[in-house]
Amino acid sequence: MKSNFDFSIPQRQSLIGVVVLFANTLQKSVRALWPFILIVFFKKEAYSAIQVYLGIAGIIIFIAIIAFLRYWFFKFYIDYKLEEFVIENGIFNKTKTTIPFNKIQKVTIDQSLIQRFFNVHKLELDTAGSDGKEASINAISQEMAVELKQHLLENTEKNTNSVEDLIQEEEQPKSFITIGIPSLLKIGITANYIKSFAYIFLVVTTISDNLRQIGRDDLIDDNINQLEQIPIVSLLLGLLIFVFTAIIVVNLVITVVKYFNFTIKKDKKSFVLTYGLLNIKNTIINPEKVQIIKLTQNFFQKKLDVNTVEIFQASSEMKRASPKDKTKIPGCNKSEKEQILKLLIGKLPQHQKTLVPNLRKLLLNLFFLILIPVSIGLIVNYNIDKFTIYELVSVISVYILFMGTILYFSYRNYRLFISDEFIVKQSGAWDIDHEIMMPYKIQAIETQQFIWQKITNIGSVVLYTAGGKVSFSTSNYTEIKEQVNKWLYQVEISKENWM
Amino acid sequence: MEFTNETINISTLPKFEDTKLEPLQKDYFKVMLIQFGIVFGILLIGIIVLYFISIEALIKDKIIYFVIGWLILGVVSFLYLKINFAKKGFALREHDVIFKSGVISEITTIVTNNRVQHVALHQGMLSRYFGLASIELFTAGGSTSDLKIKGLLLEDAKKIKESVSLKINEIEAESIKEQIIEEQIQLSENNLKEDLDEI
Chain A
0 MKSNFDFSIP QRQSLIGVVV LFANTLQKSV RALWPFILIV FFKKEAYSAI
50 QVYLGIAGII IFIAIIAFLR YWFFKFYIDY KLEEFVIENG IFNKTKTTIP
100 FNKIQKVTID QSLIQRFFNV HKLELDTAGS DGKEASINAI SQEMAVELKQ
150 HLLENTEKNT NSVEDLIQEE EQPKSFITIG IPSLLKIGIT ANYIKSFAYI
200 FLVVTTISDN LRQIGRDDLI DDNINQLEQI PIVSLLLGLL IFVFTAIIVV
250 NLVITVVKYF NFTIKKDKKS FVLTYGLLNI KNTIINPEKV QIIKLTQNFF
300 QKKLDVNTVE IFQASSEMKR ASPKDKTKIP GCNKSEKEQI LKLLIGKLPQ
350 HQKTLVPNLR KLLLNLFFLI LIPVSIGLIV NYNIDKFTIY ELVSVISVYI
400 LFMGTILYFS YRNYRLFISD EFIVKQSGAW DIDHEIMMPY KIQAIETQQF
450 IWQKITNIGS VVLYTAGGKV SFSTSNYTEI KEQVNKWLYQ VEISKENWM
Chain B
0 MEFTNETINI STLPKFEDTK LEPLQKDYFK VMLIQFGIVF GILLIGIIVL
50 YFISIEALIK DKIIYFVIGW LILGVVSFLY LKINFAKKGF ALREHDVIFK
100 SGVISEITTI VTNNRVQHVA LHQGMLSRYF GLASIELFTA GGSTSDLKIK
150 GLLLEDAKKI KESVSLKINE IEAESIKEQI IEEQIQLSEN NLKEDLDEI
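Residue numbers (numbering that gives the first Met the number 0), protein chains in the order written: chain A, 0 to 498; chain B, 0 to 198.
Source of the hints: derived by calculation from the structure; they are not laboratory data. Source: prediction; values computed, not measured. Check before you lean on any hint, since a few could be wrong.
To be verified - No more than 30 Å apart at the CA atoms, straight line, and that leaves these computed lysine-lysine pairs for DSS-like: (1) K480(A) / K147(B); (2) K341(A) / K360(A); (3) K352(A) / K158(B); (4) K81(B) / K485(A); (5) K86(B) / K494(A); (6) K25(B) / K485(A); (7) K280(A) / K148(A).
Claimed, not checked - Here are the computed distance ranges between Cβ atoms for each label pair: (8) D384(A) / I54(B): 54 to 60 Å; (9) F241(A) / I41(B): 55 to 61 Å; (10) L358(A) / S104(B): 16 to 22 Å; (11) F298(A) / E173(B): 45 to 51 Å; (12) I37(B) / N475(A): 32 to 38 Å; (13) E173(B) / P372(A): 35 to 41 Å; (14) P372(A) / E181(B): 55 to 61 Å; (15) S374(A) / I37(B): 54 to 60 Å; (16) I378(A) / K59(B): 53 to 59 Å; (17) D384(A) / S76(B): 54 to 60 Å.
Every residue, glycine too, gets a C-beta built ideally from N, C-alpha and C.
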């Protein structure tokens, strides 16, 4: 093989990479310092134009210098004698990362939006042992990236017996699902309302807090005074429309930025998910390690034919459940969802038996979430006498209607579908979840019954896996016990690898 | 591998709920009683100290209510302790360990031997005096699913630990064997391919 580069001597990234590093550093600084920037921006004393320009220029030069230093001190080389790949970096604190060839599992070359713009590539090394990336080079030319990859793989080949794996590795893995912008937009407008609302709420409170701290609460007061002149009904309506639009916009932006160009590639036994607009993320999913698959869909998403798939894997290091090992696939349509399921668990789950909750579950929830809060509200109002009967009745009826609908639907959707190979729990009022797991992945089973439930023969069950637990409550206890006996039998005779 | 996929006849399977549970050692109730005694003794000392150091007449007059409260709490806790002890039980089956506990909410936890990651044997100061020990079975299902049985005879606990550990080793050895076989198959396949290539 002809070689344009000598990797045995330390190499720097391509010079244009400084720009990428600059953008990277700038992004990080803005993210860390934005409340500070806001304060400077809204400070009462006006700065002269020259001061502002000088300040901005100073900051940019400072970041540019840091970016250049990061570029200058970042070196990588191959130590052929010790058979390892070495990365040295750090301006003041020098770090030296060495990766032995035999630990290298995968070499990926990728491009984010900024990197695409400057025609540089990112090279990442996946290593055995840990889930995290151990080494990545952010900005190198394509030729160098390809050649480095070849060098690394060539040498890895000599060190491992499994030649076959690496030959497969050399072939470009076939991408089999790509989630396009339309699907992401569909998810953006139909999901995560509460999360985005919380996010907006956080941003607004942070801004007003900061304004108050620098003594510019007059800005807020002015706005509130202006708002007070508008009639209350149109004010509420306007606020509602504003909040709703803001939520959808934030949702759309977050979804698109986070999951831009989402692709799933098959790679030997496992799958590689690649996504992101600004930061490209790579996640490896090993079907053997998958413990629970969660499908989520609400009414709108059903009409638009989009699903969200979440995958819970067993953590490889501690062999213990941890939320870190959750992977989300946003916005795939029905056939894509089915394809993913088939790849992960072999076939689509069917059910032979259905466990339903006892009516008492609904009654109990009605009691605790409607009867008790409403009576407390009535008693409190009786004592402080703040609202009129008319206001009270309208608020309470809206609450009862809203809460009642949620409780009714979450009761109606609460089901446990069981077959010999799968356990599927359905739950939720608006967003309907399907948690799919396989009996042989069960680690422990817990059954629970309150003493007063003995008369009515109801009880609950919790199934623990290495990727989280699934519980089903207030159902026929005899049927639960019957299923538990079956699951125990299935776990005990199972020879399959649960991770 | 021979593959069968027969329908499981649920009614013929062994029933975990019908398994006869063994109670915990009587001595363990003594351990619990001593711990209970220490806590309530300290509470009583607190009330007495309060009586002697308080200057305000108000507290001195009301001290009888403290004592009554202490008594009621003590009796209720004692009864709870007694029922709690009586309700606890465990069973070792061929393939799993069952542990049942709880007064108001009865919880049965079942851990199968082939999912146990490791076994720990604990022995507190009081337990050691009575020759008792507790055993903990860890699985990959997280800390809430770990099964802990307190109040076993030390020898029984050791026996359980040994038998479960033995099973873990057996399973591991088996999976290693399978791995080796798989690798050998792969190797021979590779060789075959190379041979074919040469031809």
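Hints, verified against the model:
The straight-line distance between the Cα atoms of K480(A) and K147(B) is roughly 22 Å, inside the 30 Å bound, and the hint therefore holds. At most 30 Å may separate the alpha-carbon atoms for a hinted pair to count; K341(A) and K360(A) exceed this at roughly 34 Å. Simply put, K352(A) and K158(B) have alpha-carbon atoms about 40 Å apart, too far for the 30 Å limit, and the pair is violated. Annotation: proposed proximity of K81(B) to K485(A) is violated, straight-line Cα distance about 34 Å (limit 30 Å).
Simply put, K86(B) and K494(A) have alpha-carbon atoms about 35 Å apart, too far for the 30 Å limit, and the pair is violated. Restraint check for K25(B) and K485(A): the C-alpha separation of about 34 Å exceeds 30 Å, so the hint is violated. Restraint check: the Cα-Cα separation between K280(A) and K148(A) comes to about 19 Å, which is no more than 30 Å; the hinted pair holds. Judged by the Cβ atoms, the range 54 to 60 Å given for D384(A) and I54(B) is violated: they are separated by roughly 43 Å.
Roughly 59 Å separates the CB atoms of F241(A) and I41(B), a value that falls within the hinted 55 to 61 Å. The hint said 16 to 22 Å for the Cβ distance between L358(A) and S104(B), and at roughly 21 Å that hint holds. A beta carbon spacing of about 49 Å between F298(A) and E173(B) agrees with the range 45 to 51 Å that was offered as a hint. Our hint of 32 to 38 Å for I37(B) and N475(A) is violated, since their Cβ atoms are close to 44 Å apart.
Distance hint check: the CB atoms of E173(B) and P372(A) are about 56 Å apart, inconsistent with the given range 35 to 41 Å. Distance hint check for P372(A) and E181(B): the Cβ-Cβ separation is about 59 Å, which falls inside the suggested range of 55 to 61 Å. Distance hint check for S374(A) and I37(B): the Cβ-Cβ separation is about 43 Å, which falls outside the suggested range of 54 to 60 Å. Roughly 37 Å separates the CB atoms of I378(A) and K59(B), a value that falls outside the hinted 53 to 59 Å.
In this structure, D384(A) and S76(B) break the distance hint of 54 to 60 Å, their C-beta atoms being roughly 43 Å apart.
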